[in-house]
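From first to last, the protein sequence lines are chains L and H.
By the UniProt record's numbering, the letter at position 402 of the first sequence is numbered 402, and the numbering carries on one by one without gaps.
By the UniProt record's numbering, the letter at position 338 of the second sequence is numbered 338, and the numbering carries on one by one without gaps.
None of these hints come from the bench; they were simulated from the model.
The structure presented is a predicted model; accordingly, all values stated were derived computationally and were not measured.
Warning: the hint list may mix true and false statements.
Because identical chains share one entry, a pair is satisfied inside a single copy or across any pair of copies.
[Unchecked claim] Below, in silico cross-link-like pairs of lysine-lysine (DSSO-like), each with a Cα-Cα straight-line distance of 30 Å or less:
#, residue 1, residue 2
1, Lys440, Lys180
2, Lys341, Lys219
3, Lys344, Lys180
4, Lys180, Lys219
There are 2 protein chains.
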Amino acid sequence: MSLVEELAGIVGTGHVLTAADEQQPYVTDWLGKYRGSALAVVRPGSTQEVCAVLAACDRAGAVVVPQGGHTSLSGGGTPDGSGKAVVLSLTRMNRIREIDPVGNTITVDAGCVLARVQEAARQAGRLFPLSLGAEGSCTIGGNLAANAGGVAVLRYGTMRELTLGLEVVLPDGRLWDGLKALRKDNSGYALRDLFIGSEGTLGVITGAVLKLFPEPRAKATAFVAVPTLEAALGLLSMVRERCGDRLTAFEFMTDVCLDLVMRHIADARGPFSTMPAAAVLVELSDTDGEAALGERLEGTLVDAVGAGLAQDAVVAQDGTQARAFWRLREGISEALVRAGKAAKHDISVPVAQMAAFVREAEAAVEESAPGARPVVFGHLGDGNLHYNVLRPEAASEEAFAAAVPTLTRRVHELVVRYRGSISAEHGIGQLRVGEMPGCKTPLELELMGALKTLFDPQWRFNPGKLLPPGLAVRPPLQ
Amino acid sequence: MSLVEELAGIVGTGHVLTAADEQQPYVTDWLGKYRGSALAVVRPGSTQEVCAVLAACDRAGAVVVPQGGHTSLSGGGTPDGSGKAVVLSLTRMNRIREIDPVGNTITVDAGCVLARVQEAARQAGRLFPLSLGAEGSCTIGGNLAANAGGVAVLRYGTMRELTLGLEVVLPDGRLWDGLKALRKDNSGYALRDLFIGSEGTLGVITGAVLKLFPEPRAKATAFVAVPTLEAALGLLSMVRERCGDRLTAFEFMTDVCLDLVMRHIADARGPFSTMPAAAVLVELSDTDGEAALGERLEGTLVDAVGAGLAQDAVVAQDGTQARAFWRLREGISEALVRAGKAAKHDISVPVAQMAAFVREAEAAVEESAPGARPVVFGHLGDGNLHYNVLRPEAASEEAFAAAVPTLTRRVHELVVRYRGSISAEHGIGQLRVGEMPGCKTPLELELMGALKTLFDPQWRFNPGKLLPPGLAVRPPLQ
Numbered sequence: 001m002s003l004v005e006e007l008a009g010i011v012g013t014g015h016v017l018t019a020a021d022e023q024q025p026y027v028t029d030w031l032g033k034y035r036g037s038a039l040a041v042v043r044p045g046s047t048q049e050v051c052a053v054l055a056a057c058d059r060a061g062a063v064v065v066p067q068g069g070h071t072s073l074s075g076g077g078t079p080d081g082s083g084k085a086v087v088l089s090l091t092r093m094n095r096i097r098e099i100d101p102v103g104n105t106i107t108v109d110a111g112c113v114l115a116r117v118q119e120a121a122r123q124a125g126r127l128f129p130l131s132l133g134a135e136g137s138c139t140i141g142g143n144l145a146a147n148a149g150g151v152a153v154l155r156y157g158t159m160r161e162l163t164l165g166l167e168v169v170l171p172d173g174r175l176w177d178g179l180k181a182l183r184k185d186n187s188g189y190a191l192r193d194l195f196i197g198s199e200g201t202l203g204v205i206t207g208a209v210l211k212l213f214p215e216p217r218a219k220a221t222a223f224v225a226v227p228t229l230e231a232a233l234g235l236l237s238m239v240r241e242r243c244g245d246r247l248t249a250f251e252f253m254t255d256v257c258l259d260l261v262m263r264h265i266a267d268a269r270g271p272f273s274t275m276p277a278a279a280v281l282v283e284l285s286d287t288d289g290e291a292a293l294g295e296r297l298e299g300t301l302v303d304a305v306g307a308g309l310a311q312d313a314v315v316a317q318d319g320t321q322a323r324a325f326w327r328l329r330e331g332i333s334e335a336l337v338r339a340g341k342a343a344k345h346d347i348s349v350p351v352a353q354m355a356a357f358v359r360e361a362e363a364a365v366e367e368s369a370p371g372a373r374p375v376v377f378g379h380l381g382d383g384n385l386h387y388n389v390l391r392p393e394a395a396s397e398e399a400f401a402a403a404v405p406t407l408t409r410r411v412h413e414l415v416v417r418y419r420g421s422i423s424a425e426h427g428i429g430q431l432r433v434g435e436m437p438g439c440k441t442p443l444e445l446e447l448m449g450a451l452k453t454l455f456d457p458q459w460r461f462n463p464g465k466l467l468p469p470g471l472a473v474r475p476p477l478q
Numbered sequence: 001m002s003l004v005e006e007l008a009g010i011v012g013t014g015h016v017l018t019a020a021d022e023q024q025p026y027v028t029d030w031l032g033k034y035r036g037s038a039l040a041v042v043r044p045g046s047t048q049e050v051c052a053v054l055a056a057c058d059r060a061g062a063v064v065v066p067q068g069g070h071t072s073l074s075g076g077g078t079p080d081g082s083g084k085a086v087v088l089s090l091t092r093m094n095r096i097r098e099i100d101p102v103g104n105t106i107t108v109d110a111g112c113v114l115a116r117v118q119e120a121a122r123q124a125g126r127l128f129p130l131s132l133g134a135e136g137s138c139t140i141g142g143n144l145a146a147n148a149g150g151v152a153v154l155r156y157g158t159m160r161e162l163t164l165g166l167e168v169v170l171p172d173g174r175l176w177d178g179l180k181a182l183r184k185d186n187s188g189y190a191l192r193d194l195f196i197g198s199e200g201t202l203g204v205i206t207g208a209v210l211k212l213f214p215e216p217r218a219k220a221t222a223f224v225a226v227p228t229l230e231a232a233l234g235l236l237s238m239v240r241e242r243c244g245d246r247l248t249a250f251e252f253m254t255d256v257c258l259d260l261v262m263r264h265i266a267d268a269r270g271p272f273s274t275m276p277a278a279a280v281l282v283e284l285s286d287t288d289g290e291a292a293l294g295e296r297l298e299g300t301l302v303d304a305v306g307a308g309l310a311q312d313a314v315v316a317q318d319g320t321q322a323r324a325f326w327r328l329r330e331g332i333s334e335a336l337v338r339a340g341k342a343a344k345h346d347i348s349v350p351v352a353q354m355a356a357f358v359r360e361a362e363a364a365v366e367e368s369a370p371g372a373r374p375v376v377f378g379h380l381g382d383g384n385l386h387y388n389v390l391r392p393e394a395a396s397e398e399a400f401a402a403a404v405p406t407l408t409r410r411v412h413e414l415v416v417r418y419r420g421s422i423s424a425e426h427g428i429g430q431l432r433v434g435e436m437p438g439c440k441t442p443l444e445l446e447l448m449g450a451l452k453t454l455f456d457p458q459w460r461f462n463p464g465k466l467l468p469p470g471l472a473v474r475p476p477l478q
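Here chain L stands alone, though its shape is the one from the complex:
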């Protein structure tokens, strides 16, 4: 019996896709950047089926590419072009297993779409705070594999901090039941944290217990004009000092970003009569007291203007206006796509050094591609910038494409010098795997390689992602 037949016997013939047209959405990433092929796309319906599928793949020595909503920005879930991989799509496993409003936890299948988990929490009067652009398509399993971030990390943390327990199937098909709903458990090594952020290279996450929070009933949102990134950092300190944990989002964008949004997004409207050098979207939330929250935000911003940290600020008068502010922020990615090819970087540096980093990066960009325009925005409170660079208007697409590798190398060398990360929240995937030797120490790569070999001795799981292939030959430590 062939592996495909065996897999069909486990999940049913209808859930093993071998035809090219059926496979297409599973083997091409959504940016259209990576196109692969697969022996089969397998869609198990339960954890037990995942165990059986992985045991069969283990016996056959087959490569396995775990996949959730397939929304990775770094090709993390797309197979290579060899046509040998089994793509394991978790999307049929989409049950909310349990909501516990007393313990403030939700237990879900890994294939649940993030927005559905948010909605299930809301219906129970709770908040699941992870929030990001792809929330309508990405799945919890993918969020875990990539340790997703998004716009609420400042207050609630990344996916790692939002997770209590995991259920994972190992490469040999054995089940690790770590699905515990405990806030505290100091009884051994942090297996959970090893799987979170491992990008499907150590096994397949099939379920998770996640934290819930009280649903905030009050929000206050402001759009603030700031003269510089330094001033924005000063504003961040001031808002934090005055508003504490109420601060939920602090999103920075430069005039170049706003200008792009105005030009490319039909319904975008800026709140200021003149374009500021940069702007920040500030959002506070609280259990209750919307009026008091608005006053607190307004008072803080008045003082920030007085201190020269801001030039102008508009506090949203209603939900419609707040959504319009968010549209300015969220429209940037879309506007960037329409504005043409950009070199993209998802970097983090220590918060206090962001302004110095941006200044140095600008010089490096100008040297690598004269006239190229940095489009800088991101989650300032997390030290995370989406550092994009648009083609110089005078340069051809080809000339810019030729300059991008050097430009990216220069930006990332700077990130390493600032003790930052070349992947703050998007993951390494295929996109950055070649850069790992430049940004990790040899010891870190050795440890990662040894851990990989421990869980997946044949390196069959999601090959070509996260771990540079050269590591594969490394023996365990010593």
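Starting from the known structure of chain L, fit chain H onto it as the hints suggest.
Leaving out everything else, chain H in the frame of chain L:
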């Protein structure tokens, strides 16, 4: 040259202790429960010295027992009695390396005492929230090795969630520089989290970057009489709903605890005229607005009384009264010591199931040691109970001591049945290592053993702690 001479050459003769009287505080745990001996106690003064010491121990094949403030409640830092171990005391490494009030981070040597880190943060107008009984003696390295919890976990998380970066010396003496001050970094496996909570069995933590928070300038503290644990859980939900992230502590204690404190702690005074069945200490904090905070707490508690979740409540009128409330909570451990030998358990279960657990545990205790008195207190919001059991008044110390192993087994079997943890915050150490096979799955033990072998192939680091010795022979997976 002997190992001791070699070590003296690295750290200086004065920092290698070989005389029994000098070694005494390093080889006897502070509860006086574990008494060991050592080849030498070595006190390095820098990370470089730690590297050299561990390289020398590696060449000599010597056992190494890393040690911080030596305040473990589970014998986690005490060597065995063989006299062969090198105890590596980090307490000379006590520099605050850097405070960054913009990035809200503090970088410290692992040997810094927790209270000193709290104080350094305070002086910079910031809060380092970890807070626990031993804070005047325990060190950051020990807090990391044990993933310390304490009274502020509800709001700020355990040590794991308070840590950004680590500096670790591996068993072979190589340095892993993971000392990054990044809020987001998705570029590889979570080495940091593997070391946190590993109880010195994978290497030696020498430095850390920790998170700081805005210092709360307003506090409100109340002592609340509740009829049952169920009611306390209802009160927890209500306070959370109404006060959100302002809720900093929610400490539960039964009448037996309060009665012990009144009898054994000289300055303890309860706020109620009649002893309630149980009580909760609730603390809120906020950036500012103490009056509003007090009113919010009072309003919530009035409604809680109305809903039958509380019978009476006193909101502290000033800092003195708040400290008196805390004295009631913090006096319990001391009162327990004075009341005689108790069987101690540091357990966690899912928050919503705490009441059911306590009921079942009470029955198991009564069966194992009729007349024994459960002394139950803990961090209710974390699902963490310090489940102590006092000797029955009618039983001799010997008879009770004989009954304790069965009693503990019964309590812990129940914990496992509730999918809880037999060590919520104290760590496994020597105290619970024999119980690991009963509370972890064979697969978990296999993975832990394989991880241990990967980092420490000869199992030389902190032997006899955390990992049951039987695992030592296990090969890596497959």
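Status of the hints after comparison with the structure:
In the homo-oligomer, the alpha carbons of Lys440 and Lys180 lie at most 30 Å apart only across protomers (12 Å), although the nearest pairing inside one protomer, at 32 Å, exceeds that limit. Within a single copy, Lys341 and Lys219 get their C-alpha atoms no closer than 36 Å, and across copies no closer than 52 Å, so neither meets the 30 Å cut-off. In this assembly of identical chains, Lys344 and Lys180 lie within 30 Å of each other by CA distance solely across copies; the values are 23 Å between and 38 Å within a copy. Within a single copy, Lys180 and Lys219 get their C-alpha atoms no closer than 32 Å, and across copies no closer than 33 Å, so neither meets the 30 Å cut-off.
In the structure shown, a violation is registered for the earlier hints numbered 2 and 4, in ascending order.
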